Amino acid sequence: MKRRTFLKVLGASSAAVATTACSPDDVGKLVPYTVSPDQTVPGVSTYYTSVCRECSTGCGIIAETRDGRTTKLEGNPADPMSRGALCARGQSAVQGLYNPDRFRGPMQRSGTTWKAITWDEATTLVAQRLGAGAANGLFINQHESGSFNTFLEQWLAGAGMRPHLSVDFEADDAAMQAHREAYGVAWPKFDFAAARLIVSFGADFLDGWGASVPQQLDFADARAKGVDAPRFVYVGARRSLTGLNADQWIAARPGSELAILNFLRGQGTAEQAAQAAGVPAAELQALATELRAAQPALVLAGVGTDDALEVARAAAALNQQFGGVGTTVRTDQPVVAYDGMTPIRELFAAVEQMRAGQVPVVFIRGTNPAYYLPKGLDFAGAMAKVPFKVSFSLYPDETTELCDLVLPDLHSLESWGTAQSTRGMVSLQQPAMDPVFPGTRATADVLLGITGRRTAAAPATGAAAAAAVVQNNYRNWLMQQFPGGARAFAAGLASGMVQGTLPARAATAGTMATSVRRAPALAQQQGDFILVTYPSPVFGDGRGANKPWLQELPDPVTKVLWSSWVEIHPDTAERLGIERGDIVEVSANGKSVRAPAYLYLGVRPDTVAMALGQGHRSGILDGWFEYGDTDDDAKRVQWGYGRYARNVGVNPFDVLPAGQNDAGGFAWTSTKVTLRKTGESDTLVSTEGSARQHGRGIAQALTATQLGGLMHGGAAAAEHGGGHAIAGAASHEFQPGLKSPVAADAQGVLGSPSAENQGKDKGLYDPNHPTRMATRRWAMTVDLARCTGCSACVTACYAENNIPTVGAPWQNATVYAVSKPGFNVTRGREMNWIRIERYFEGNEQAQFGEDFETRFVPMMCQHCGNAPCEPVCPVYATYHAPDGLNVQVYNRCVGTRYCSNNCPYKVRYFNWFGYGEEDRKQYAFPEPLNWQLNPDVAVRGKGVMEKCSFCVQRIREAENRAAMEGRELIPDEFTTACAAACPSRAIVFGDAADPNWSVSRLAQDRRAYHVFEELNTYTAVVYLKKVNHPGATAAPAAGASTTAPATAPAAH
Amino acid sequence: MSTRSKWTAIPGLLALAIGAVLLSAYSGASSAEGRGPAQPIDFPHPVHVQQLGMNCTYCHYAANKSPDAGMPAMSTCAGCHNAAAVGPNRPKRGDQPARTSQPLTKLFEYLDIKGGGVNAKPVPWVRIHKVPDYVTFPHMRHVNAGITCQSCHGKIQEMGQVYQAASLNMGWCVNCHVKGYDPVEGRKLTPATDSLPAPHPPMAAPHGVAEGATPRTTPSFTGERKTARYDCAICHY
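Residue numbers (my numbering), protein chains in the order written: chain A, 1 to 1052; chain B, 1053 to 1289.
Take the hints with a grain of salt, since some may be wrong.
These stretches of chain B come out as covered by chain A in the derived footprint (C-beta under 8 Å, 3 or more residues) [as the list claims (entries may be wrong)]:
1. 1119-1126
2. 1207-1213
3. 1277-1289
I should point out that these hints are in silico values taken from the structure, not numbers from a laboratory.
All of these numbers come straight from a predicted model, not from anything done at the bench.
Backbone N, C-alpha and C fix where the C-beta goes; we use that ideal spot for every residue, glycine too.
Model the full assembly from the supplied sequences, consistent with the hints where possible.
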């Protein structure tokens, strides 16, 4: 080569470098505060106490706020009810706060179009309308405990309007009325741990029946008692999440619960009750015997049929009869969050008044009756008869679409308030941040402004008017009302909980509706199947559907997501030739809905079940409201409850009549339907995989008897596992692997401190290295006896670790795009770092009449000491850290996915598309959802593998804090997001190498095992076996099918 | 050169080119080292640090207690450059005559001195030092370990216009973490007047677990090279 040629080539290659190298020049701006807020440090989180308003319970929460933006919610440990736990719905409140489909400011309808107006215009409009007389006007508010009720009542009285309706469609009116009659409180505390037997008649106390989180904490505590834990029997036509946690399922036909309860109370015979219920008489007889022997018992009832009140009364009577009141039913610590709630029958009556043209004006805040009221009531038709309708909704939901004016409220995390969930304790709701959208205003302040507009005959001008507004705001009102005044209010903000009692709202029951329009009894109806409907444990009455985390959260029972489904028993399905995923049509009252079939063991063959929560629709064709002329998704909102909810699934209430139960509550299960196979079929969006373990021993369990043997003998240790040996069971061989930071055979000589290896540089892996990194072994225990499968951990993980949701219809490939919600999930592209695997045991033939058991296993990266993923990575992007973490280095990863192929636990997830990249259509965090992103965690790009990191950012934060304070880590000082959220306290995280951490004690438990221990992976996650309580008499007679033919007339 | 040898040379040249690309990438050719863009206000670090003897953490107030060093709030500027100085905003001092300083005029515009500060706006400083999203850099650990600001940011006290003094590439970081930081060398970069930030008092823990905390001692300027953890997951997560 000539010298000239060489230089030419050199020049060309240098030029190539210059043009192809990434440009690090554009690194943005550093914008300081104008005035630095007190007590905040940039880059360090500030924590504000507040109250969760995602359901009526009102748990105390702590909002982590970084640089003015709320990033994460956790339970407030000072709250005696929720005790620091928070459910999935509560976790996702931040996605309500940052929802891209939030109204930016007030809007007015003109004809079929909407236009943005100013607050001035809006308040003037309302004030004018009220001035014209609103005596019979209605205010429908989503029920929330605390002072807002009282405030609203005062304001309405001032405006000459009637007391407001404080509604919660998820609440069980019948149960509350029965509780009041029998116990004197609307909702007592159920002390599950004090009971020896729990019997639930459709009372889904883990699914949202009552105060979910406190009840789950108490239930898990009871189940954690191991040998002494109460047995749990579930009676109902459909096994809900609560039902799946039961030791025994009595699959009673809907409407037969009263007969069973009466039999248990000593009226009638077992045969009569069994005839009505369609279950073997022996099962009921055994239950009766057990109930008499196992005292105190706890009997709960929350059925959906038209006789719900009678059933609830009978259950309460049973508690009184068997001495449960005072021990298992604690009336001294009631949940008072539901006091002042308006029964649903009044909402139904109000709709009739609207239809009759008696209501001049309607205000609706925080609730969406146009979605959740059964279409048989025709809420939209009634609304059309009201001349002036105002919505305070944050979101473009179905109800708001029917209104004339939108005055968008602030989110609960942006506003002031108080809540009273339990007697003698007030929780304070303070804003965790400034409003996301400056154009939104707190409803209370808007109402005060309207009053000011109406009363100011000679309007004050300039500074005087401004001063009056400052004085006259809701926060000042709140502090004046507060027990102890403003001083006590301010002092209480630190803990969020203050001793005291708020003035109760005067009961408004009976002001509107006295009569009950009871649904016709099921026995008198035509139709092949009884339709069981229930509020989704994920979406509630539908209000969760606009939050992508909840859409992406698999239903705890069926593992279906981004979709609706019809639960059909396999027997029925076989008879009708229906397979999983076949689209079936459910019809009643001349209307029908179509949804894919899900074959479910836990539903009676003569019933089908559907959840409320999905199926949000909009009548507005284009569906977008644009702020300014823009196609920018960040600057427009989608009608139909937002882009994540619209046209996802169906609403079963489209076919339901407005049936009430005998308490005037809504009768969820009051309709017979016909089922038709349409012939269409589609892949069911589900993360289920196989519902069976196929002998893999992933979810292990033992009976209470076996556990007793373990505890008292040890000889029985080798025997447990259901008679057949499960690999890896009954050994503690993993303990050395867990104890040492790096398993010996994983790191070879590096991990072995033997004499011949002395002198070799083991670097950080040497426990004596100055950094002392290798003295720790981060580990986790998961107690399957506690885990209920509620999935709060899953959403907590999404929130903490910036996990993208992938199921939105526009998030799949650009080529061959399929606009099906959840399409990516059907391709296995979901990114749930922690998932809840749900396995059925028993009843292999899927025959009705044979009981089955359910096991839930939270499955996340096991942080193996001897990890199969590590040696196959060609670029060392995954490796074992000295402190026991299996680390994924995103910037090293080139996306070969070898690691995922080699992972026996299948806990590694690949970024198929640019979910974290703003300029791609798959972007999972459209403005302002990206405000929630945890600044401590990298947002992963396309083509990168990711997985559970044991919340390494929390480990490092705690280490940094300890180092700054010149101390060692304190045992149990911090925990991972999943463990912090868990309302069962099933997950415990910590340093297994230090005996002072809880996790190292729990890992020694006799129930401890590793999943796939036979693979010698030396995992850092230790599972504690589930404890079953089969009961002496409950062994189902194998093969003895007692199925009543589904087509037979119901013997009710 | 014959045609044949010309053709055989191409793969070799190609390999050479690839090698050059890789080598330049490895040696940090993609770093923004030396970049020093113009700022909205010509902020003179030398005046503040050398003439007035201000400590870095007077303005970058979070450097010893947060992962972020912190940019001073506009109110911090206004604390010294108060409104009385409108007009000739540099009053006569010693033998220096009063004069109008252009940077200060700009500052007062941002502070909205004329309007009483009602429409005060923050200065959009152009960011210079930035590590990628997948890197976590805690300032407070480094500052409290006695590492001088200048060790990474260069002699800021002499920079009329701040530029990126170090490459900020991973090799540059790891070099210190493995081989150790020499406090004596780091001290040589600082102005004589400068003192290290005082050790930060125990931080308020989120859930009140600050028990057992002891006050830190002032980092020493002598002694051995100080090494640190260099495991990937210390910075990458």
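Here is what the structure says about each hint:
With 7 residues having a beta carbon nearer than 8 Å to a beta carbon of chain A, the segment 1119-1126 of chain B meets the requirement of three or more and the stated coverage holds. Counting residues of the segment 1207-1213 of chain B whose CB lies closer than 8 Å to any CB of chain A gives 0, so the stated coverage by that chain is violated, three being the minimum. Only residues whose C-beta sits within less than 8 Å of a C-beta in chain A count toward coverage, and the segment 1277-1289 of chain B has 10 of them, enough to reach three; the restraint holds.
Checked against the numbered hints given earlier, this structure breaks only hint 2.
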